[in-house]
Every structure is written in C-alpha cells, then in structure tokens.
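**Q** From first to last, the protein sequence lines are chains A and B. For the first sequence, the positions run 1 to 274 when my numbering is used. For the second sequence, the positions run 1 to 331 when my numbering is used.
Mixed in with the good hints there might be a few duds.
Below, in silico cross-link-like pairs of lysine to aspartate or glutamate (DMTMM-like), each with a Cα-Cα straight-line distance of 25 Å or less [claimed, not checked]:
#1 LYS235/B to ASP217/B
#2 LYS237/A to GLU213/B
#3 LYS100/A to ASP175/A
#4 LYS156/B to GLU181/B
#5 LYS261/A to ASP164/A
#6 LYS206/B to ASP175/A
#7 LYS134/A to GLU50/B
#8 LYS235/B to GLU77/B
#9 LYS124/B to GLU181/B
#10 LYS221/B to ASP208/B
#11 LYS237/A to GLU50/B
#12 LYS100/A to GLU188/A
#13 LYS235/B to GLU205/B
#14 LYS306/B to GLU318/B
#15 LYS261/A to GLU205/B
#16 LYS235/B to ASP263/B
#17 LYS235/B to GLU318/B
#18 LYS134/A to GLU12/B
#19 LYS100/A to GLU12/B
#20 LYS124/B to ASP43/A
#21 LYS156/B to ASP263/B
#22 LYS235/B to ASP208/B
#23 LYS206/B to ASP217/B
#24 LYS186/A to GLU12/B
#25 LYS186/A to ASP209/A
#26 LYS124/B to ASP209/A
If you're looking for bench data, these hints aren't it; they were derived computationally from the structure.
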Amino acid sequence: MKRSFFSVAVLGLVLAFLYIPILLVFAYGFVPNGISMSFFGSDGRFLGVTWKWYRQIFTGGFAIKPLLDSFWLSITVAGLATLISCVFGTTAALALHRWKGRLQSIHHTLVYVPLIMPDILIGISLLMLFVAVKVECGFWTILIAHVTFCVSYVVMTILARLQDFDDRLIEAAYDLGAGPWYTFFKVELPLLLPGIVAGGLLAFTLSIDDVVITSFVNGAGTNTFPTYVSSMTKHSKNLPAVFALSTLMLIFTCALVGVSKTLTGKNQTKQKGK
Amino acid sequence: MTGNPLRSRRAEWLVTLPSLLWLGLFFAVPAVIVLAFTFHGHTPNGGVGEWSLETWRELVDPDYPAIVWNTIRISFEVTLWSIVLALPCAYAIARMNSRWRAIVAGSIMLPFWTSFVVRVFAWKTMLHPDGWLQSCYLTFLRVREWMFGWLPGSLKGLFVWMGLANSGPVDPAASTILDSEAAVVLVSVYSFLPFAIMPIYTAAEKFDFSLLEAARDLGAKSFYAFRKIFIPGIKQGLISAILMVFIPAIGSYVIPQMLGGTDCVLIGNKIFMRAIQNRNIPHASALATLMAVSVLIPIACAMWWKRRQNARDRKRLEAETARLMIGGASS
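Build the full structure now, drawing on both the sequences and the hints.
**A** Now the structure itself:
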C-alpha cells in the first residue's frame, strides 16, 4: 500500500527542529569569542575552534568558579533528593499497592496531584509555606522542594513495576517463617530494585534540570546550575563554558544510559534463558 | 490471609506515614496557605496584612485579566501547533517496523538529556536579530501578510485577535523575533512537542492500521480516512497529549522570561515578579490560584469525558452480552 510521504517528511523536519539547538550547544562549546558568540571575526575571517572552555572547566579558572560551584550544588541536591525520594517513593508505592482503603485513596490523591500541577504552583506554594513559618531560604529549602516534586514520579515508576509483581512470593516467605523486615529486605527489595533505580534516575534528571521551583525557594545567592545559567545574560563572556559543560553532561548521560541499557539487556536475556 | 502481619492496620500506617506526612506538609498545607493568603491585604514592607477581600478586588482592576487571557491564548496556540506537528510524526513512527520505532522514539526523547535552560539559551543565541532565523521570520511574516491580506476587514480582525495574522504591513525594524510572542510560541512548541508525540504514538501503536486500508478500499480519500478512522481511534492519546502540552504551557515561566522580553508577560512571570521582586505575597497567591483554576478546568473536562466514555463502553458491553445470551438461549 501507499506509504505516507507527507508524515515521514514532517517527522524528518520535526527531528531537525529538535536537534538543531543540541548541535548548537555542541558547537558553541568551541567558540573562540565568548562575547559575540561567533566563529567569525568582525571582518568575516574564520577564527577557528578552541578547547579553552573545556580546559577552564577542568582547571577551574577563577572566572568560572561560580558556574562550577552551582554545578556541584546541583549534583549534591540531585543526589540527596534522589536518595530521600527513593526511600519515600518505595514505602508509598508499597502502601498504595497493598492496601485499597480510604487512607490510600487520600494518599493516592496526594501523590498524583503534584504530577499534573505546573511546576510554578509547587514553587510558589512552597515559598508561601517558608514565608508563613519564617524560614530563611537556602540549601535546605531547595532540598525539601526537590524531594517534594520527585517523590510522585518515583512512586509512579515503582507502582508500574509492582503491577507485575508476584505477591505469592511474599506469602511464601511468610509461610517459610520469615519476619516482615527479613521479607522486605531479602525478597521484596531485591525484586523491586530495577524499578527503584529507574525511578531514582528519573528523579535525578528532574532534579538536576529543575529551574522553576528552585528559583522560588533558593533565596539570595544560592544557585543551582539551571538557575545560575538562567540568570546569565546573552553577553556574559563565560557563556561558551556553559555550553561546553552541557556537552560534557550530555556525553556522560549517554554513556550512563548506554551502560544501564546493556546491563538490563543482559539481565533480560538471562531471564529469558531460564 | 487474616493472620498476615503485612495486611495489618498498623503496618499500613507505618508504610504510608512517611510519604503522607511529607506530601501533606509540603504540598497540601502550602496549597491551603496560598489560598488563605489571597484573603489578606499586603503591607508596604512586603508582609501579609489583615484578613480582607482587598486582593481579589485589586485583581479585577489592573492589567491582570489581560495577562490571564494572553496566557490562555498563547497556550492554545502552542497546543494547536504541537498537536498538528505531533499527529503526522506519531503516525509515521507507528507505521515503522519495531527496530526503527525504538530508534526514532528514543531520538525524540534524547534532547531532554541536555539541560532545559541551556537549550533555551541556545535558542536565544540563535534568535539574535543578526541571525538567519530572523530573516526566516521576516519571510514568514510577509507570506502571512500576503495570505491574510485579501480577507475582508472584520474577518481579518478576528485572525489578528487570535494572534494568527498581522495587524498591518511588515516593518522589519519592529519585528524582531527575539523578545516577542513569536519566540515564546516557537520555543514552547520546541520544548513541549515530544510530550505531544509520545502519548499519540503510544495510542497509534495499538491502532489497527488495516482499518485505514479497508476505508481506502471502500473509496475513502487518505485524508478523509485519517480524519474519520485514525483520529477517533487514537483520541485517548490525543487528549493526554493536549493536556501534556496545555498544562506546562499555562505554567510556563522560563521561556517567556528569557525570550519574551517586555512584550510577552504571562501569569507565570507575573507570579514570580509579585512574589520575588515586589514582595506582594497576596497578589502572587491570587495569581497562583487563578492559574490552578485554569489548569483544573481542562483536567476536569478530560476526566468527565473519560467517565462518560467508560459508561458508554460498559453499556455497549452489556448490550452485547445480553444479545449473545439471548442468541445462545434461542439456538
């Protein structure tokens, strides 16, 4: 039958549309002139490409110290938020999966609603809470906010995993004389681990990328990588360093996802082999 | 099952409490505080004043209604463009073989591994008035001027009001794409498009494409079959796609902040301005309430539609069962 050339053509254009900015991020990491953001001089001469922004990132020059500081703050916040939301997410998913009472329907609403609310509403309402109880905004308020919006995503990921969880395994463990803690740590947790890792990865990427919520609760002078970048202007002369750092992050993420894909792929073939 | 300690009431509370307390304290309580703040006045030094209806009264008066309307209009525009682009994309991916599907669907999500702010910054650099995108934009405006130019005044006025047509001849100096509404719409579509493609693609994957062939064999034109068979077949995915774009578009703040200039201020920017810069907490709260309402209305509509759909499906199933049972009894 006739292939639809129109839809394939639109798909091609859309892919180009999605990738042009990514290619530019990559290219701007090598731009020689950080102020004009151009590879060409004012006389139209090609100025070549430079590694100096990458060199600055690794040697940590004075000029880009705030950028690197904000980057490490982002990593710290994302790491801690991931850990905490994984703990809360696991318990919440277990509760929602196992019990179906009134309490759980309230619980489910509380977990679900943050997913459909725009980020900015979570940001402003947390700011209002901190204003109401007169807490100084800073590292801790950022961490609280990040845990709050990450938990729901972790719960949903683990719940999806629990759908094909064989509950008889737990009953079997009980019949064999295991206690609740032993069953949890030796039976449930190992089986749920892939789901928890997937939820954790999602939480980490959401946390490290968040700018809206953080910009409400960060207070003065505490900046994560995204809020620092959004406060830069077009004519900030360290802009190429931001693009270089983003390129490094993208390569790192791709490598990480590639490794995890091959690991889970191996797991699946092993299970299939059984 | 009765003796299972895992099913006990105490265990339930123990497992539920951490997340329940956290989300209650940091999500439900703040929402109540926001609502309470809207019924307070503000003090000149940035505090929250006495209980009063002052804030709600002030909300009608200044430029707020215009901003709310602007936000909803731009969100509609962004949603429309995203869906129009996402439909053929999802259709094309769903028609590929499984190997290509995985590759293309993956490459649609890949841009998300670069920081959102950095991508918006890349756009900002690209949209610079000296850049090539600016000349593309001018061409677009001139083509649009030519397209809508022949329309009678009142009809053209409608398109201008909807933001689809230019009000007058194109002036290159005044039509820079950066710091304009067009830049906000363009980059919003760029950011939210994958969220529109994915739900439609998931629905289209389950769609039985032989139905389209059957329609064509019966003489339907391709586009007619697409509209009458494919669209109704994937409407569940279509509705989630619309919500996935419309909701973040309503809550948009970074894109208009970085690319909209003074030309395009949305509710999100106004909330930030009031909360952080002017320190007018009650006004920020009232705007946040308005935003929550404009998000909850489409969600409620979608839920109502889904419930009606489910009821209809159930009725159909019951009728079918009844028919089969009668048929079985008579044979």
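**Q** Which of the numbered hints are not met once you compare them with the structure shown?
**A** Failing hints, ascending: 2, 6, 11, 16, 18 and 25.
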